[in-house]
Amino acid sequence: MAYYRSAGTIPPKRHTQHRDAESGRLYFEELMGEEGFSSDSSLLYHRHLPSAMVDSRVWQLPEDKPEPNHPLKPYHFRLHELFPGESWRQADPVRDRRTVLGNADVRIGYVAAGLPSPLYRNGTGDECVYVESGSGVLESVFGSIEVGQGDYVIVPRATTHRWLPTGDAPLRLYAVEANSHITPARRYLSRYGQLLEHAPYCERDLRGPVGPLLAEDLGGDADGDVDGDVDVYVKHRVGGAIGGTVLTVPTHPFDVVGWDGCLYPYAFNISDYEPITGRVHQPPPAHQVFEGNGFVICNFVPRKVDYHPLSIPVPYYHSNVDSDEVMFYCGGDYEARRGSGIGQGSVSLHPGGHTHGPQPGAYERSIGAEFFDELAVMVDTFRPLDLAEGGRAVDDGRYAWSWSGRGPGGEG
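Numbered by this note's numbering, the letters in the sequence shown go through residues 10 to 421 in order.
Heads up, some of the hints might be wrong.
[Stated by the list, open to error] Distance windows between CB atoms, simulated:
#	residue 1	residue 2	range
1	G370	L223	54 to 64 angstroms
2	G350	R288	24 to 34 angstroms
3	H363	V67	36 to 46 angstroms
4	E31	T254	35 to 45 angstroms
[Claimed, not checked] With a straight-line Cα cutoff of 20 angstroms, these simulated EDC-like cross-link-like pairs (lysine to aspartate or glutamate) come out:
#	residue 1	residue 2
5	K74	E373
6	K22	E39
7	K313	D382
8	K313	E383
9	K313	E373
10	K82	E38
11	K74	E398
12	K313	E344
13	K74	D105
14	K313	D269
15	K74	D114
16	K22	D269
17	K82	D404
18	K82	E398
19	K22	E38
20	K82	D331
21	K22	D49
22	K82	E383
The set of hints was computed from the structure by calculation and includes no laboratory data. We put the beta carbon where it would ideally sit given N, CA and C, even for glycine.
Please build the complete structure, drawing on both the sequences and the hints.
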């Protein structure tokens with residue numbers, strides 16, 4: 010995000026001495042930058058060596074081998090069933106995240122959590138985490154961001170952070186983990202990175218971290234320890250796959266006294282997205298909010314709908330020739346899916362090669378509608394998605410037949 014911010018104390022000029030005003034001790038400068046030294050970056054000033062570590066061991070990620078969508082069919086996953094009853098109270102937002110779908114470009118997961126996560130960094134790509142419900146705090150080396158229902162939270166690759174749920178309800182997170190960087194849609198940006206006048210949101214809508222954030226001000230790490238060894242959970246590339254490592258470091262990573270630059274976590278609430286509407290039905294790219302390599306993220310928010318006198322407000326039937334379409338239904342009443350069993354917390358997968366559209370009756374029923382009260386987050390991928398453990402566990406088993414009313418062998 011090419012939008013400059015500064016927090017805490019920094020020297021007047023980069024790559025020059027920065028010392029503690031009382032002890033005279035030199036701080037350690039760290040450049041956190043994308044694409045080598047050729048893109049957005051930030052400079053962080055640490056009290057301790059950011060590269061120091063004392064141990065490294067395997068973190069066995071709770072995922073099995075994804076399965077291809079073969080034979081081809083659409084799916085409906087009931088994500089709330091992944092964390093039934095009070096099970097969320099014993100789950101944390103990182104280690105208990107369940108992967109639903111994935112390919113070489115992106116992994117889509119879900120968690121309902123009540124426990125703080127360990128310190129964590131994703132070394133494979135940026136994360137876009139959508140807060141379905143609940144409240145919490147994202148703490149990172151850059152500072153803290155309070156988050157709540159409807160927030161998108163963008164966490165840059167390799168940012169050391171942790172999630173702290175707050176309140177008495179689960180923190181429900183829908184996580185899009187990229188193997189690349191995640192940015193606002195490029196067509197919304199000037200060549201220098203400013204959000205343009207036609208963009209459906211602007212820099213005023215973005216909330217950056219409040220900092221600096223120092224371990225002693227928080228009572229230490231998640232176990233209350235300031236001076237002892239600390240574990241950091243890391244996702245990273247292992248050959249052509251994703252692996253996990255637990256790095257043990259000798260001092261708490263929250264030791265940054267100041268930073269500045271254009272690379273940092275930020276939050277953006279979906280209620281601040283200004284929908285683009287028209288006389289006739291607008292295609293999904295009109296609802297885009299972010300993008301990464303091999304995928305885009307769109308959102309469908311409450312809005313006035315088509316005002317041509319002969320318009321049909323729900324989507325026309327369409328074939329995803331080049332993409333798989335994943336919809337996460339997170340609020341309101343999604344008119345086009347009425348009668349399919351889809352509701353709050355549902356995810357639908359409409360794969361490339363399958364023609365899909367409104368459920369039976371929705372097409373004509375929508376005529377004359379002036380407003381849709383719906384909320385959904387869509388991820389379109391440009392390579393086929395595989396079915397991961399979390400998705401297979403909560404497949405409703407019936408969605409593919411919802412347009413015809415009968416399945417294999419004539420089952421209803």
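Evaluation of the provided hints:
Between G370 and L223 the Cβ separation comes to about 58 angstroms, which falls inside the hinted range of 54 to 64 angstroms. A beta carbon spacing of about 32 angstroms between G350 and R288 agrees with the range 24 to 34 angstroms that was offered as a hint. Between H363 and V67 the beta carbons are some 39 angstroms apart, a value that agrees with the proposed interval 36 to 46 angstroms. Take E31 and T254: their Cβ atoms lie about 36 angstroms apart, and the range 35 to 45 angstroms holds.
With a C-alpha separation of about 42 angstroms, the suggested pair K74 and E373 falls outside the 20 angstroms cut-off, and the hint is violated. The straight-line distance between the Cα atoms of K22 and E39 is roughly 14 angstroms, inside the 20 angstroms bound, and the hint therefore holds. At roughly 9 angstroms between alpha-carbon atoms, K313 and D382 fall within 20 angstroms of each other, so this suggested pair holds. With a C-alpha separation of about 11 angstroms, the suggested pairing of K313 with E383 holds against the 20 angstroms cut-off.
About 18 angstroms separates the Cα atoms of K313 and E373, which keeps this hinted pair within 20 angstroms; it holds. Straight-line distance between C-alpha atoms of K82 and E38 comes to about 52 angstroms, which puts the hinted pair past the 20 angstroms bound. With a C-alpha separation of about 8 angstroms, the suggested pairing of K74 with E398 holds against the 20 angstroms cut-off. This hinted pair checks out: K313 and E344 have alpha carbons roughly 14 angstroms apart, not beyond 20 angstroms.
At most 20 angstroms may separate the alpha-carbon atoms for a hinted pair to count; K74 and D105 meet this at roughly 17 angstroms. About 40 angstroms separates the Cα atoms of K313 and D269, which puts this hinted pair outside 20 angstroms; it is violated. At most 20 angstroms may separate the alpha-carbon atoms for a hinted pair to count; K74 and D114 meet this at roughly 16 angstroms. Distance hint between K22 and D269 is fulfilled; the C-alpha atoms sit about 11 angstroms from each other, no more than 20 angstroms.
In summary, the hint linking K82 to D404 is supported, as the alpha carbons are separated by about 12 angstroms, within the 20 angstroms threshold. With a C-alpha separation of about 17 angstroms, the suggested pairing of K82 with E398 holds against the 20 angstroms cut-off. Annotation: proposed proximity of K22 to E38 holds, straight-line Cα distance about 12 angstroms (limit 20 angstroms). The suggested pairing of K82 with D331 holds, with an alpha-carbon distance near 16 angstroms, which does not exceed 20 angstroms.
With a C-alpha separation of about 18 angstroms, the suggested pairing of K22 with D49 holds against the 20 angstroms cut-off. Of the supplied pair hints, the one linking K82 and E383 is violated, its CA atoms being roughly 25 angstroms apart against a limit of 20 angstroms.
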